[in-house]
Amino acid sequence: MVVAFLVAAVSAAPHQQADALLAYQRISGEGSSWAANALEAMRVNVQSNKGMVVDYNPSGSSAGRKNFLNGTVDFAASDIPFQFRPEDGSAPENPAPDSYAYIPVVAGGTSFMYNLKINGKRVTNLRLSGENVVKIFTGKIKMWNDAAIQADNPGIVMPARAVVPVVRSDGSGSSAQFTKWMITQYPALWTEYCNTSGRAPACGFTSFYPTITGMIAQSGDLGVAGYISQGFAEGAIGYVNYSYALGSAFPVAKVLNAAGYYTEPTPKNVAVSLLKAQINTDASDPAEYLTQKLEGVYTDTDPRNYQLSSYSYLIVPTKVAGQFNEAKGKTLGDFAYYAMCEAQQQSESLGYSPMPINLVQASFDQIMKIPGVVAREVDISACNNPTFSANGTNTLATKAPQPQACDKKGYASQCPNGTGGMSNVQTAVKAVATTGGGSTVTTVKAGGTKPPAGSATGDTGPVGTDTGTVDTVPTGDGTGDQVCDPTVSDCSGGGGSSQDGPSAAEVGAISPSTLDQASGWTVSTALLLLVIGLTLVLILAPALVWRHLANRGNE
Amino acid sequence: MSGITTIPAAPDIAAADHAPRKVKAARNRGDRIFYGGASMSGALVLSIMVAVGAFLAYEATDALRATGLSFLTTSDWQPDRGKFGIASVLLGTVLIAAVAVSIALPISMGTALFITEVCPKWLRATLVALVDLMAAVPSVVYGLWGLFLLQGQIIGVSRFINTWLGWIPIFKVTGADPNSPLASSTVYTASAFIAGVVVAMMVMPIQCVVMREVFSQVPIGEREGAFALGSTRWGMIRVVALPFGRGGIIGGTMLGLGRALGETIAVLLIISPRFDINFHILEAGGNSVSSLIALRYGEATGFGLSALMAAGLVLFAVTLVVNFTASWFVARSRSGASSDA
Numbered sequence: 001m002v003v004a005f006l007v008a009a010v011s012a013a014p015h016q017q018a019d020a021l022l023a024y025q026r027i028s029g030e031g032s033s034w035a036a037n038a039l040e041a042m043r044v045n046v047q048s049n050k051g052m053v054v055d056y057n058p059s060g061s062s063a064g065r066k067n068f069l070n071g072t073v074d075f076a077a078s079d080i081p082f083q084f085r086p087e088d089g090s091a092p093e094n095p096a097p098d099s100y101a102y103i104p105v106v107a108g109g110t111s112f113m114y115n116l117k118i119n120g121k122r123v124t125n126l127r128l129s130g131e132n133v134v135k136i137f138t139g140k141i142k143m144w145n146d147a148a149i150q151a152d153n154p155g156i157v158m159p160a161r162a163v164v165p166v167v168r169s170d171g172s173g174s175s176a177q178f179t180k181w182m183i184t185q186y187p188a189l190w191t192e193y194c195n196t197s198g199r200a201p202a203c204g205f206t207s208f209y210p211t212i213t214g215m216i217a218q219s220g221d222l223g224v225a226g227y228i229s230q231g232f233a234e235g236a237i238g239y240v241n242y243s244y245a246l247g248s249a250f251p252v253a254k255v256l257n258a259a260g261y262y263t264e265p266t267p268k269n270v271a272v273s274l275l276k277a278q279i280n281t282d283a284s285d286p287a288e289y290l291t292q293k294l295e296g297v298y299t300d301t302d303p304r305n306y307q308l309s310s311y312s313y314l315i316v317p318t319k320v321a322g323q324f325n326e327a328k329g330k331t332l333g334d335f336a337y338y339a340m341c342e343a344q345q346q347s348e349s350l351g352y353s354p355m356p357i358n359l360v361q362a363s364f365d366q367i368m369k370i371p372g373v374v375a376r377e378v379d380i381s382a383c384n385n386p387t388f389s390a391n392g393t394n395t396l397a398t399k400a401p402q403p404q405a406c407d408k409k410g411y412a413s414q415c416p417n418g419t420g421g422m423s424n425v426q427t428a429v430k431a432v433a434t435t436g437g438g439s440t441v442t443t444v445k446a447g448g449t450k451p452p453a454g455s456a457t458g459d460t461g462p463v464g465t466d467t468g469t470v471d472t473v474p475t476g477d478g479t480g481d482q483v484c485d486p487t488v489s490d491c492s493g494g495g496g497s498s499q500d501g502p503s504a505a506e507v508g509a510i511s512p513s514t515l516d517q518a519s520g521w522t523v524s525t526a527l528l529l530l531v532i533g534l535t536l537v538l539i540l541a542p543a544l545v546w547r548h549l550a551n552r553g554n555e
Numbered sequence: 001m002s003g004i005t006t007i008p009a010a011p012d013i014a015a016a017d018h019a020p021r022k023v024k025a026a027r028n029r030g031d032r033i034f035y036g037g038a039s040m041s042g043a044l045v046l047s048i049m050v051a052v053g054a055f056l057a058y059e060a061t062d063a064l065r066a067t068g069l070s071f072l073t074t075s076d077w078q079p080d081r082g083k084f085g086i087a088s089v090l091l092g093t094v095l096i097a098a099v100a101v102s103i104a105l106p107i108s109m110g111t112a113l114f115i116t117e118v119c120p121k122w123l124r125a126t127l128v129a130l131v132d133l134m135a136a137v138p139s140v141v142y143g144l145w146g147l148f149l150l151q152g153q154i155i156g157v158s159r160f161i162n163t164w165l166g167w168i169p170i171f172k173v174t175g176a177d178p179n180s181p182l183a184s185s186t187v188y189t190a191s192a193f194i195a196g197v198v199v200a201m202m203v204m205p206i207q208c209v210v211m212r213e214v215f216s217q218v219p220i221g222e223r224e225g226a227f228a229l230g231s232t233r234w235g236m237i238r239v240v241a242l243p244f245g246r247g248g249i250i251g252g253t254m255l256g257l258g259r260a261l262g263e264t265i266a267v268l269l270i271i272s273p274r275f276d277i278n279f280h281i282l283e284a285g286g287n288s289v290s291s292l293i294a295l296r297y298g299e300a301t302g303f304g305l306s307a308l309m310a311a312g313l314v315l316f317a318v319t320l321v322v323n324f325t326a327s328w329f330v331a332r333s334r335s336g337a338s339s340d341a
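Protein sequence lines, in the order shown, are assigned to chains A and B.
Numbering follows the UniProt record's numbering, with no gaps: position 146 of the first sequence is 146.
Numbering follows the UniProt record's numbering, with no gaps: position 252 of the second sequence is 252.
So here's chain B without its partners, still in its complex pose (with noise of 0.2 Å):
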């Protein structure tokens, strides 16, 4: 750093590639430190992903060299016999988390919308922290409060499906009678459904946040010139905050997907395991992979315990594509560029 000025050379329009030249700036210390802690921090993150799942790979092996692919479409789960896989398993997981983004997506949705803009401004902070205070509360407490309130009276609503919706298949209920008013109502409970139907309260938050930042991130000109060009709010929403936030929607959806195919302690809670194929998801019974482990951990020895990682490799593998389609669609969007999803 001597402090001459070098004149530069008259560019060689003809050779010289068009890329920018470099600017090095020397940091001083407390940018080294920052820096280093920063790219640490995000190191150690990636590692522990790494690590996560190379130990899960290395503790399913016992389990995968026994059944090899046959593991993704067996139904049954007895690991010490050697039958065991996870196609039943897999399915309700996915049941489940279908059930609980299909209601979670039209809540949050409108809920962020309202957040960001119909509610008058003095609602608008409580609202925000409401919907923070849902994301915080344990998922033990949605799971008790969904298994002795939410089970008793949803019932009503499984059974006016299956009445009137049982001529499609998955909302089929075998053993229900709609017609008979002695009818046992139990068909109906610990479905896949009201697990869904907790899983989607745990997952609403997440997507409410996500949508509700790339909402309020909608341009306030083209915001007004909708409004100029005499728009409605509702043709504002339309033409202006949908497109513009599409990207933090369908983001934000995945995102509440991931942690849906993740629910354990609610799903466990509810559900009544069981082990065949089920996709009648209003009936009585079905599994998840979380759920699964979480009940059989306790109890299993050794090569037991290997088929359990290997569930839990194939969740931690769907989880993980889930959400790279997430940031891929956000990273993607017009919106994307500034949204933390």
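Here chain A stands alone, though its shape is the one from the complex (with noise of 0.2 Å):
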């Protein structure tokens, strides 16, 4: 009976995916966890409308190059690029020239998100200058009510709660991009604690973070993640992409610039700071061609910058070799397409920035050199990439607000405003005296019309394709400054609030591209049947044949 239910539900399901699914051939990835919810929302959305297999295991960076070297993945995801010369003493990597290109996919910040509460209640607004940040993650800072954190947060009252710095314990792209940045920004931090942690000599930037006692290491973003977000974790605080502190719900540290502002790692201002990351152009390098140099990111005097921003790259094959082929490459291609084109679109709302359009077009010459691709003619202003504009400025960081002043260095108290995944949570704040004058009450001005510094390409009219080319409008006209008094009333009237999320008219003008297709009968509802039959069958056949046995050996 089992049996023909099987057949009937196998013969019922539509051969509409049928040809979509022989289109494609099923590739596979491993790599960056960093930007694995961005690939895992574009995995699932080429699955479901283009009938595409794509396989992820978001195993690490390092993971990643490694097992594209030895060509058991038909792509890899990798926040660093080919480490020809690893500086941490680790065995070099040597991919074969001409065989890889580089697709920048991603951009995100790593973020620091962090489990602490005072008298009970969460605190959401937490700020750290990069010194603190890289005294905490050297074991340097042991306390939160550490003096130099208390003077980070002035609004506050830091509990005494030990500070539990959650590391990556896997080789990981965010610990090289993290290490990088401690190298270059706190040189002798590092060197005391790479001295002390038993790495010297080889004190350069590391995919796998050194530990010390008090420490917790954990695998992958979602490790660290997961960690962090569990009650008995107060105290802890990890870096991970600020998209898995949006899926934890939990809040991110402010980070100071060198505006003199914190900032948070949303992905407007994520858009902001990475105008001043120095993308290799010489496309005749094909090992360099597209990678990213940070230093600029770090120093960038825009007040929006959020330092530890960074891209996150695609690598695939450019040449035929092991198990992949042409009919791989025509999928693999596809998808490339899709995450250049409409997966942009989404990637705001998942936490990630979007590429600029000067990084899509330079992807889709590097797609060209996957063999089998299809190529394809791109409209790009049909992808709705929010960084898109006609004159080519990067809209989403010509709109990013300008921080509010209560998130400047100097103020008397701090921003009462939520972060990351608690963006809703305020946490009551220290009242600022307003009768000292007009320093203490400030004045943000709303809209963010400041034109980034240093622009690309030095273009800053905030002319858009989309129909959302306001962020926030101040209400009537000549009013676009308004007083934001943190405590009486929240500054989210400001234009400071990135976090309120796009507006209404930026939603209007993003077309969503996950579209459930698949109602009724489909080949993976047949499949699921069968599946259950199957192991209804494995588990009661064995008694059946054995009550049968036992009742022919009684006659």
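Mixed in with the good hints, there may be bad ones.
[To be verified] 27 Å max Cα-Cα, derived DSS-like pairs, lysine-lysine: (1) A:Lys140 <-> B:Lys22; (2) A:Lys409 <-> A:Lys142; (3) A:Lys140 <-> B:Lys83.
By construction, these hints were calculated from the structure, which means they are not laboratory data.
Model, not experiment: these values are computed from the prediction.
Two chains, two frames, a set of hints: combine them into the complex.
And the structure:
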């Protein structure tokens, strides 16, 4: 009876997906867990909309690059390029020249997610200077009420809790980006830590974070975020991609930038920051082409800059080798086209920043190098990428609101607004005396019309192709300057609240790309039933056979 | 086979050795097929074991040649820089296994005795099935359970032990301050103890099955004899069941130990890896050979892989010794002859 039911189920499945399934080969990728949330969303969408099956294993950038070199996966995702000359004493990676190409696929901020409470109420507005971040992750600052951290947070009273840094235990691109930043900005602190943690003399940036007693190491962004978000982990702070903080509904620390503002790695701030990323544009050298140099980001003096912003890359093969063939190349090419165009419009809602137009265009040339790819004329304006504008500026960066005055270093208190996944939860802050003159109550210009300093193209007009050109509209004309006093009301009326999400106009411009067309019977439904049936058979069959034999034996 | 009965010559008692005469049975086809199949399976198991050992040894040569015996005494893991060894990792493995076994032993022994001696008949089958079901739960499920449910709940136990028994070195926790209400609980998390508790849940069913098997074979005569002499149920268990099942208890425990040593994914999920010698089982951080391999296998290249293989080889050897010891104990005991351990 079960069998009959199954046969009926299978034959009832429509064949509409069969063509799509045949048209694409199943491809597999591995690597960055930092970028995994974006890649996972793309994977789900291409599977349900195009019938393209892409497997992605977020096992860390190092594992992704290694398995790409071994030829066990068709593509890798990595936050850092191949390490020809690793600075941490690990073995160099030597991909064959001209056998691979980089495609920048997603931008984001490495954020510091934390679990901290004051009087049983979760802190959501923690601020940290770069130096304090380094001191926390090198074991120099051991208590949250350390004077240095208290100085960063004049509005709240830091609790006397132990600081528990949570780092990555696997080989990770986030660790590499983070240590690179520490080495560049605070070389003395890092060298000292490198010596105490037994890594000297190989003190360069490393994918394998050195640990000392008191630190917790977990595998993958998910492991780090999972540890921090547990009830017992009060006092823990770890580095994960911003999207994981959103997913875990936990706040992230605002980090002090060169302009003297504490900023959050919102997609908009990341877009602003990455205007200062130097992209290697020498197409003749595939080992370097499109890779990033982030030193300019670390020292950017735009008030909206978030220092730890970076790109993550797809590494795709440019030659047929091993298990990779042209049929897979066709699928990978289509996936890459999707990733660079349609997929970018949902990046922001996931906590990532979409690719700017110059990198998208360069990526299309890179995609052409994949063997077997079916070239496409992509109408870039149809991608609905929120960064695109008619004149080539990064609309997202142009629209990014200026930070609030209460986020400035030197302000007597701090913003009460929440961050990350807890943007809707405010933290009570110390009142600022309003009698002290104009310096304590500060005005914030709404609308975020300040041109990004040194924009890549030098053009600053916020003329967009989509309708979302105005972010936060000040009420009435001439009232663009709003008084922001965090003690009496929240500052969300000002332009600083980048956490309000896209405005209504913006939402209208973005068309949702996830469509569930699979209603009713599908192949997967039938397969699911088949699996359930087989499992039942597997469980019942031995018992039935046994009973049958036993009965026969009795006769 | 002429069917002629031969009359044996009178035995020369002085000269004959007392060995029994050899029985030679002609095998029919069914027997031959079965005999061939069975011996082939046996040989296959052996050859697979040998092949695994040989492969590990071969792959590990590079690493072992580079470090020599210091592989066993170094506590660091940077193979590409030539600084690696499994002193701390092996210690962590043993600590986790020891915690697991010392928790699983009383539970599994109690469960086995309850099932065979105490529990009403209608409950017995259910309990047996439940224990078997525990063995069938995938280890990653135990790992996630330990990570997201148990870890938060067991911190209180860790703190209790540390507060009252902290003067014993292995229960010491660096950085813990039981007197401070604001002290962070994280020093008690991701520890060998918590990993050990989770592994205990996984080895318990195996131990329980072996022990139950042995206890169920306690001769009915001895059992009833004890009762007839006025023994209570506990008295009977103490003087009849436990001595009879000693081999099974030891054997089952060591089989569990063998599994505990090799448990991977649950440990990987819970523990925070560190490479210095840390024998404080309640303190955050530890390591085990198998979780180290699982963690670093993905990104290791060439020499690093060889180093992992060397670690695997050591674990393989340790597990082999433990399991052989277990089967020796079981076979040697009174109950062991028919036990399946």
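Here is how each hint holds up against the structure:
1. With a C-alpha separation of about 80 Å, the suggested pair Lys140 of chain A and Lys22 of chain B falls outside the 27 Å cut-off, and the hint is violated.
2. A threshold of 27 Å between alpha carbons decides the hint, and for Lys409 of chain A with Lys142 of chain A the separation of about 23 Å falls inside it, so the pair holds.
3. Straight-line distance between C-alpha atoms of Lys140 of chain A and Lys83 of chain B comes to about 26 Å, which keeps the hinted pair within the 27 Å bound.
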